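If you read the sequences in order, they're chains H and V. Count along the first sequence starting at 1, add 45, and that's the number in this note's numbering. Count along the second sequence starting at 1, add 19, and that's the number in this note's numbering.
Just so you know, not all the hints are guaranteed correct.
In silico DSS-like pairs for lysine-lysine, Cα to Cα no more than 30 Å straight-line [as the list claims (entries may be wrong)]:
#	chain 1	residue 1	chain 2	residue 2
1	H	Lys283	H	Lys299
2	H	Lys134	H	Lys175
3	H	Lys175	H	Lys152
4	V	Lys37	H	Lys189
5	H	Lys295	V	Lys159
6	H	Lys175	H	Lys217
7	H	Lys342	V	Lys159
8	H	Lys299	H	Lys281
9	V	Lys315	H	Lys183
10	H	Lys142	V	Lys315
11	V	Lys136	H	Lys312
12	H	Lys283	H	Lys295
13	H	Lys299	V	Lys58
14	H	Lys189	V	Lys36
15	V	Lys271	H	Lys312
16	V	Lys259	H	Lys283
17	H	Lys172	H	Lys142
18	V	Lys27	V	Lys102
19	V	Lys159	V	Lys136
20	H	Lys312	V	Lys58
21	H	Lys299	V	Lys259
22	H	Lys295	V	Lys36
23	V	Lys191	H	Lys312
24	V	Lys159	H	Lys312
25	H	Lys299	V	Lys271
26	V	Lys271	H	Lys283
27	V	Lys58	H	Lys183
28	V	Lys159	H	Lys299
29	V	Lys37	H	Lys152
30	V	Lys315	H	Lys189
31	H	Lys152	V	Lys36
What follows is a list of derived Cβ distance ranges for each label pair [as the list claims (entries may be wrong)]:
#	chain 1	residue 1	chain 2	residue 2	range
32	H	Pro103	V	Arg56	49 to 59 Å
33	H	Asn215	V	Arg124	21 to 31 Å
34	V	Thr326	H	Pro324	52 to 62 Å
35	V	Lys129	H	Gly78	51 to 61 Å
36	H	Pro149	V	Arg124	27 to 37 Å
37	V	Ser42	H	His214	37 to 47 Å
38	V	Lys136	H	Pro324	36 to 46 Å
These are calculated hints, taken from the structure and not from any lab test. All values reported here derive from a predicted model rather than from experimental measurement. Ideal Cβ placement from N, Cα and C applies to all residues, glycine included.
Listed below, chain by chain, are the residues.
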Amino acid sequence: MSFMRLKNVDISYKLENTSVRAVRSFSCDIERGDIVGIVGESGSGKSTLALGIMRLLPPNASLSAETMLFDGRNILSFNQDELRKIRWKEISVVFQKAMNALSPVHKIFTQMYDVIIAHSPDTSKGKAYKMLTELFSKVNLPSKVLNMYPHELSGGMMQRVMITMSLIHNPKMIIFDEVTTALDVITQGQLLDEINRLVREFGLTAIIITHDIGVVNEVCNKVAVMYAGELLEFGKVKDVIFSPMHPYTKALVKSHPDLRIGNELIKGIPGSLPDLTDPPGGCIFYPRCDVRLDLCKSVKPEVSVLGDRIVKCHRIQR
Amino acid sequence: MTQILEVKKLKKYYPIKKIGRRSYVKAVDNISFSVRRGKILGILGESGCGKSTLGRVITRLEMENGGDIFFLGNNISGINYRKIKDFRQKMQVIFQNPYDSFDPRRAIIKSLEIPMKLLNIGQNRRNRIEIIMDAMERAKLTPAYDYLERYPHELSGGQLQRISMLRSMLLKPNFLVADECVSMLDVSVRAEVLNMLLQFRSELETSILFITHDISVAKYMCDRIMVIYAGKVMEIADAKELISNPMHPYTKALISYSPIISPQREKDRFTITGEVVTPIDPPAGCRFASRCPFAKEICYTEDPEMTEISPGHFAACHLID
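Please construct the entire structure, taking both the sequences and the accompanying hints into account.
In structure tokens form, the structure reads like this:
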């Protein structure tokens, strides 16, 4: 049994007259101990999916799915009370903008203590302080940070505070939503190294949402490639990134300049995202695909399962 | 003349008020370099290192506190850009966010035409529109008429950034400063913008100062790369040489920490600790000393000189002999 099983997850946002179908029939299985990267460009629905898993979607969004299993339980049927019990304790999430996730008028310790007593109400402040100091040392933060305010910290430090916060209750799974996006290269690298270490040390399962294939290659073992709300390819990082099968994945890899290889010409993907208020009937990538068939325009490709790999393309089935 | 721009010992200090005494953020501190005709120089650094300040001072958007800038042989230090009209044609800038660099109430055609009109390019409106249409077709922004009547908010970031590039290039500048011009774009559109810039460079022989934080992009775009840290130049070399044979510990760390897409992951990272420092009244010595794993006593007391390691490859580090 997979640790997390998502089947046909659909998420749409209601607007005044229309609705945007941000995620459409997303299915994938995540095993215990996996570090899954969800990679996609802006508007691909990757963050919406993360919010959907945490059930933190805004009120104008609607979520439906065939199955949403987490550690053997169907979280789709959970009510708010049950959800509150698993958030922070079993699944936690770290967002991109740590600045916005922390209260600017409370010291870090006060905010962390709030999270601690949410699930273990009888923890004393002294005990909490000790525990946080210990956790801080694991992410290379000095304990004096506990007595500081968010504005006194740098972006990297704030992100480390958020990661520590997500670890407080020893969750089984952490979702990292673009955690390193706004950071400098070196800070990003340091943080990725730390995430890598923590996931192993705490025996976590992690989802890393990013737009950067490089980041996926650094930390993940599996990757899901999303485009305009659909999963186009899923599998082991070494398969998907180094021998991509879907034309979109191929194009995405080709548009990244790389340090280690010679000065190969990088190629963009002409065109732009389709209108998600009325997604096209055929393959979602059809308008921008350079190996499209006539069939692709009208018929939606089925998911082909090749071992532990999923590809959604007509070219694969033939 | 091959030297388009020559910068000598440029300084830009921002005062900050503190009780009792005046402090300075030394954003650009004694930076010297030159750019040859048709070459792209990359300015590589992390946030707060002074790379954008450097671009702003060179384009005269800010005034320096010392040093000289020679542009096409003339010393332009001390001159405000408003005073030199033809200078604006010869040196152009592209910023990170194209939505901020277009007037939201002006159709694209108007935003493109006004600078041409002000600088007397093209005889009349019809002629100018022809020039614009032609340039749009060549930049593969087709069909051109489809873009011209639109407003900035109707276009995607990638399209608008390419139009902003086009707007600069219609003036046939000798020099272009591109300040993080692709950092807010998705990878799939980023490539098109970068390739368009390279195409302009080869067509017009424009020299480019390419400011970026992304070493992979710098490697793809630039002929030479200058690495700066806390307002000082750490290393400067030809792009290939810098990536394959970095000498300065900071450059080594930058390369080692940047994510790569290659099956051979480098097992041993060149690790450094700490975070970027802001050069507020920096003490003597190397700015990188506090984070450098090899720092010796001399690194905290004496400023390292730029030394030539091999032809064209300079680095400022005490540990290189």
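Checked hints:
no., hint, result
1, H:Lys283 to H:Lys299, "holds, 16 Å"
2, H:Lys134 to H:Lys175, "holds, 19 Å"
3, H:Lys175 to H:Lys152, "holds, 16 Å"
4, V:Lys37 to H:Lys189, "holds, 24 Å"
5, H:Lys295 to V:Lys159, "holds, 22 Å"
6, H:Lys175 to H:Lys217, "holds, 22 Å"
7, H:Lys342 to V:Lys159, "holds, 24 Å"
8, H:Lys299 to H:Lys281, "holds, 18 Å"
9, V:Lys315 to H:Lys183, "holds, 28 Å"
10, H:Lys142 to V:Lys315, "violated, 38 Å"
11, V:Lys136 to H:Lys312, "violated, 35 Å"
12, H:Lys283 to H:Lys295, "holds, 13 Å"
13, H:Lys299 to V:Lys58, "holds, 25 Å"
14, H:Lys189 to V:Lys36, "holds, 26 Å"
15, V:Lys271 to H:Lys312, "holds, 28 Å"
16, V:Lys259 to H:Lys283, "holds, 27 Å"
17, H:Lys172 to H:Lys142, "holds, 29 Å"
18, V:Lys27 to V:Lys102, "holds, 22 Å"
19, V:Lys159 to V:Lys136, "holds, 24 Å"
20, H:Lys312 to V:Lys58, "holds, 22 Å"
21, H:Lys299 to V:Lys259, "holds, 20 Å"
22, H:Lys295 to V:Lys36, "violated, 53 Å"
23, V:Lys191 to H:Lys312, "holds, 26 Å"
24, V:Lys159 to H:Lys312, "holds, 14 Å"
25, H:Lys299 to V:Lys271, "holds, 25 Å"
26, V:Lys271 to H:Lys283, "holds, 26 Å"
27, V:Lys58 to H:Lys183, "violated, 46 Å"
28, V:Lys159 to H:Lys299, "holds, 20 Å"
29, V:Lys37 to H:Lys152, "holds, 25 Å"
30, V:Lys315 to H:Lys189, "holds, 28 Å"
31, H:Lys152 to V:Lys36, "holds, 26 Å"
32, H:Pro103 to V:Arg56: 49 to 59 Å, "holds, 54 Å"
33, H:Asn215 to V:Arg124: 21 to 31 Å, "violated, 54 Å"
34, V:Thr326 to H:Pro324: 52 to 62 Å, "holds, 59 Å"
35, V:Lys129 to H:Gly78: 51 to 61 Å, "holds, 58 Å"
36, H:Pro149 to V:Arg124: 27 to 37 Å, "holds, 35 Å"
37, V:Ser42 to H:His214: 37 to 47 Å, "holds, 43 Å"
38, V:Lys136 to H:Pro324: 36 to 46 Å, "holds, 43 Å"
Hints 10, 11, 22, 27 and 33, counting from the list given before, are not met by this structure.
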